Amino acid sequence: MTEVTADAPIYLSIDNLWKAFGTFLALKDVSLDINEGQFVCFLGPSGCGKTTLLRAIAGLDLQTKGTILQGDSNVSNLPPSERDFGIVFQSYALFPNLTIEKNIAFGLENAGRSKSDITARVTELLELVGLPDQGDKYPAQLSGGQQQRIALARAIATNPGLLLLDEPLSALDAKVRVHLRHEIKELQRKLGVTTVMVTHDQEEALSMADRIVVMNHGVIEQVGTPTEIYRFPSNLFVASFIGEMNQIDATAGKSSRVKIGGSELQCLEHEFNPGDNVFAAIRPEDIIPHGQGARSPGAPDVIETPENTFEMRVEEMEFLGSFWRCRLQHESFGDNELTADFSINAVRRLSLEQGRSIVVELPPGRLMVFSKPEKVQ
Amino acid sequence: MTDTTNISLPEGPVIKGKLSRDDLIMRGGMIVIALYLIVTMVMPLYAMLSKSFSTYKFELSQYELQISDEEGVFSGDVTTPAKLNAALNVLSDSDLSTGSDGRMGLTQFFPDFSFRSPVMYRIRNVSDTGRFLVGSNLHTGTEWTELDSNTFRRVQMRPEKSRGISNFVNYFSTPALFNSIKNSLWIAVVSTIVTVSLAFWFAYALNRSCMRFKGVFRLVAMAPILVPSLLPGIALVYLFGNQGMINGLLFGASIYGPIGIVIGSVFFTFPHAFIIISTALAISDARLYEAAVSLRASPWRTFWTVTIPGARYGLISAAFVVFNLVITDFGLPKVIGGQFNVLAVDIYKQVIGQQNFEMGAVVSVVLVIPAILAFAIDRLVQSKQVALLSARSVPFHPTPNPKTDRIFLIYCTLVAFFIVGMLAVCQFAALIKFWPYDLSFSLNNYDFSRMDGGGWTAYFNSIRLALFTAVIGTCVIFFGAYLVEKSNGFTTGRTLFQMFAMLPMAIPGMVLGLAYIFFFNNPSNPLNPLYGTMAILVICTVTHFYTVSHLTAVTALKQMDREFESVSASLKQPTLKLFSRVTVPVCLPAVLDISIYLFVNAMTTVSAVVFLYSPKTALASVAVLNMDDAGDIAPAAAMGMMIFYTNAGARIIHLIISRGILRRTQAWRSR
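Sequences listed follow chains U and P, in order.
Residue numbering for the first sequence follows my numbering, beginning at 1 and increasing consecutively.
Residue numbering for the second sequence follows my numbering, beginning at 1 and increasing consecutively.
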């Protein structure tokens, strides 16, 4: 597992957290450190425990066992009102009968602030989220995206040390979602507030997070930066949950060799013993197409690792807008078909079409080896 | 991949959350309201139950007596009342059974007793448990008390208390009493069948036809809710009584008895059945009807395969609600029942007429059983009803059909005529000088001060009771529902609270009222000073109508985003601020509904309060009962109609206020 080394001090430290609902364990011995000012995403399929973890951090549903340290204090058993965080829910949870201004001001009252002070802060926040003129409207009069920004403004109004976002974008239209992703990330960077966001949308996590925590069945599978998680997934679950991944039955060779069918290929270093049954894995977009026959005349590219090339038949081509998705077949792959994404340029240049043969290269730096799961979940 | 099978929770203590101030306040509030329910419902019911198992008997061997000669010298044998009774055979064994207040003099054991005689008497208890009165002084010890004969006639034995089922044995061996079970069930079943059938077609016409005047019919159908259940009884007396306007229509049958009870019950339960069935019919899915048409099903077949199954939970629920209302109703059979005894009236007769509280308690226990059964089945059915609703259902829009629309219009007009007619008869009777001899109009019947029942004071007491009940009840019930719905953890406490909140609906008013006597009229109860005050009437009424209000509040609260409390806590704001600034304003329509429900019911209720009012706190609804009892039927009708107009007025004011408040505070509802 690759750890991010950040300069910032640790702000939130989760130690050996367990959560039981009856006999069901929603969190199993989860430990995690979050650095100050970081944007961390909990990513995983539904039921993986990510929301449970977030609610434990907020104190909304206490963990069964384990400690949570926030800043310098142990908040493990504190009620939400004695912790320091702001929270945004998927439903926004804006108070429907209060105007936008009053919604934002809700947390500023009873804190020894003067009226004019509160008004100034509300104006500032409305400008910050880009809705300066909407203060006297009611939530129902705003669009979903606008409501979510108000919820965000309300959550950060009191300058909390920690911002928690519980699937904040999943109730929105695709377009608004992409736009708001950017805005939230921008805002977080500006404020420098440590942020934890729960999401099941990998694209959201990849585009927003400084670090992604991938969870499954109540345990953390991997923690890392978006590129680390994508490029070097630590196991098959992470590899296949995030992005597309070809899984090919294979046998491990020596440290950076793997056997697929009859041929032995070079791959990333692994720790399996030679002869272990494994999966070789490569992402569709990492497969490089070459002209028919190696070093065919006119091919601009050079094959760097000739032992990693196969001549394969194009079984099917699917046009997906910005690229073609091709299903490739080769006898040494057995039943496993290879899915490859080729750019439109490459398809045109190589005049690919269904039924033709093509030489593809599986670059060693992108070919990974994973252990096979004992049973398929 | 991680193996998920053999990981288990490590040993060691589980994290215990620290309670925030809000948690403490909410739990405290919940405990206070739960205690309120325990004190005002569970404990009285327990007192009643234990009363039904208490038996009282005079123990004649408990006392020793000695009589002096004319000179006042005690020389004769010491005897006991038991020996005297055995010799004289004055009293049979059953004469010795009595109630908790039973008293029995001793002079009957001395045939030649004279209070002028110079003979002296000595009496003592054999054991420490024995008790007798001399005048109003209680004597408990075993030492002799010497009395002259004039004082001796004021000696009274007090009964011994024991526990057992002999009250029940007694009840079931008295045909006059247990026949009431059969009678009660019989009229409840008949009324249920008639009401549900009538209400079904009425609701069907309003929901599934294109007839005209639907708004008017809907309004008329709700009118009976605004009057006490005994008012239709008075109307029936005027219509079909011995000097009734149209008593010839009965062909000699008497309205006093099952016929009158059933007709009156249909009148006062009609709106309840109508609301439930109408709701069930309103949620039917148009797609099913389109499918039926496309499959060429006949309208008759469609009715039986689509309409009835769709409304079946509504029908079942309506049936049990009506059954429960009829079997627990007291006012109507009291007025029109004649010699036809039913359970609810038996309780009243036993308690008010014969002062036999134990037997009243026994009848109450008997009455509670069918009431609780009907209530439980209704709850079960209603919880299934919800599942029928699907978000994708398409609302059904009826298409005009001149022929059936006309039939429905005629039908609804007849039903409306029945309802309006009953009220009109009462109003007419109230304004007539003396039916049937002097038909000139006068307001004499409104001069309530000349009749029994409390006069105009009773009317204003009722309004006070209704206002107090509405205000206090709404606050307590809504706050209680909020606490139980929105607090964290404390699962056992919350489940218990929910149970307490559901219980009042299953308890008939008569039973609750009687239970209050046993509990609050006990001198050793510190709450005893409440007895006979307005406060106990308010408490009793709030408790009596707790469940429906609680359910209304819970339904409204469930529609609120459950993360409001989380957001408020994260912003470090007290939950009570959220409650007052967000929850109450958003739930205002439900709050207003609860208050008008409590107001109207407080105005019309008779059953619980009939045991609890004092001369100072006489009520209009009870006055109707008492004036009718005293033969002042016209003033009773007049008072009943006053209740009707007051409730109708309250409803109109409620409507205006709701509209006004909603317009001002709920601007946010419109986009």
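No lab work stands behind these hints, which were simulated from the structure alone.
Here the structure is a predicted model, which means the values were calculated and not measured.
Among these hints, one or two may not hold up.
[Unchecked claim] Below, a list of computed lysine-lysine pairs in the DSBU-like style, where the Cα atoms sit at most 35 Å apart:
no., chain 1, residue 1, chain 2, residue 2
1, U, Lys137, P, Lys558
2, P, Lys182, P, Lys349
3, P, Lys349, U, Lys102
4, U, Lys28, P, Lys182
5, U, Lys185, P, Lys349
6, P, Lys349, U, Lys28
7, U, Lys102, P, Lys161
8, U, Lys137, P, Lys577
9, P, Lys349, U, Lys175
10, P, Lys349, U, Lys190
11, P, Lys182, P, Lys161
12, P, Lys572, U, Lys115
13, U, Lys372, U, Lys259
14, P, Lys572, U, Lys28
15, P, Lys616, P, Lys349
16, P, Lys558, P, Lys16
17, U, Lys102, P, Lys558
Now for the hints, and whether the structure bears them out:
1. Lys137(U) x Lys558(P): holds (25 Å)
2. Lys182(P) x Lys349(P): At roughly 18 Å apart (the allowed maximum being 35 Å), Lys349(P) and Lys182(P) satisfy the hint.
3. Lys349(P) x Lys102(U): violated (61 Å)
4. Lys28(U) x Lys182(P): violated (63 Å)
5. Lys185(U) x Lys349(P): violated (78 Å)
6. Lys349(P) x Lys28(U): Outside the cut-off at roughly 67 Å; violated.
7. Lys102(U) x Lys161(P): Violated, because 66 Å separates the two Cα atoms, which is more than 35 Å.
8. Lys137(U) x Lys577(P): holds (21 Å)
9. Lys349(P) x Lys175(U): Measuring from Cα to Cα gives roughly 75 Å; hence the hint is violated.
10. Lys349(P) x Lys190(U): With a Cα-Cα distance of about 81 Å, the restraint between Lys349(P) and Lys190(U) is violated, given a limit of 35 Å.
11. Lys182(P) x Lys161(P): Holds, at roughly 31 Å.
12. Lys572(P) x Lys115(U): holds (18 Å)
13. Lys372(U) x Lys259(U): holds (15 Å)
14. Lys572(P) x Lys28(U): It holds: about 30 Å lies between the C-alpha atoms, which stays within 35 Å.
15. Lys616(P) x Lys349(P): holds (23 Å)
16. Lys558(P) x Lys16(P): Within the cut-off at roughly 28 Å; holds.
17. Lys102(U) x Lys558(P): holds (24 Å)
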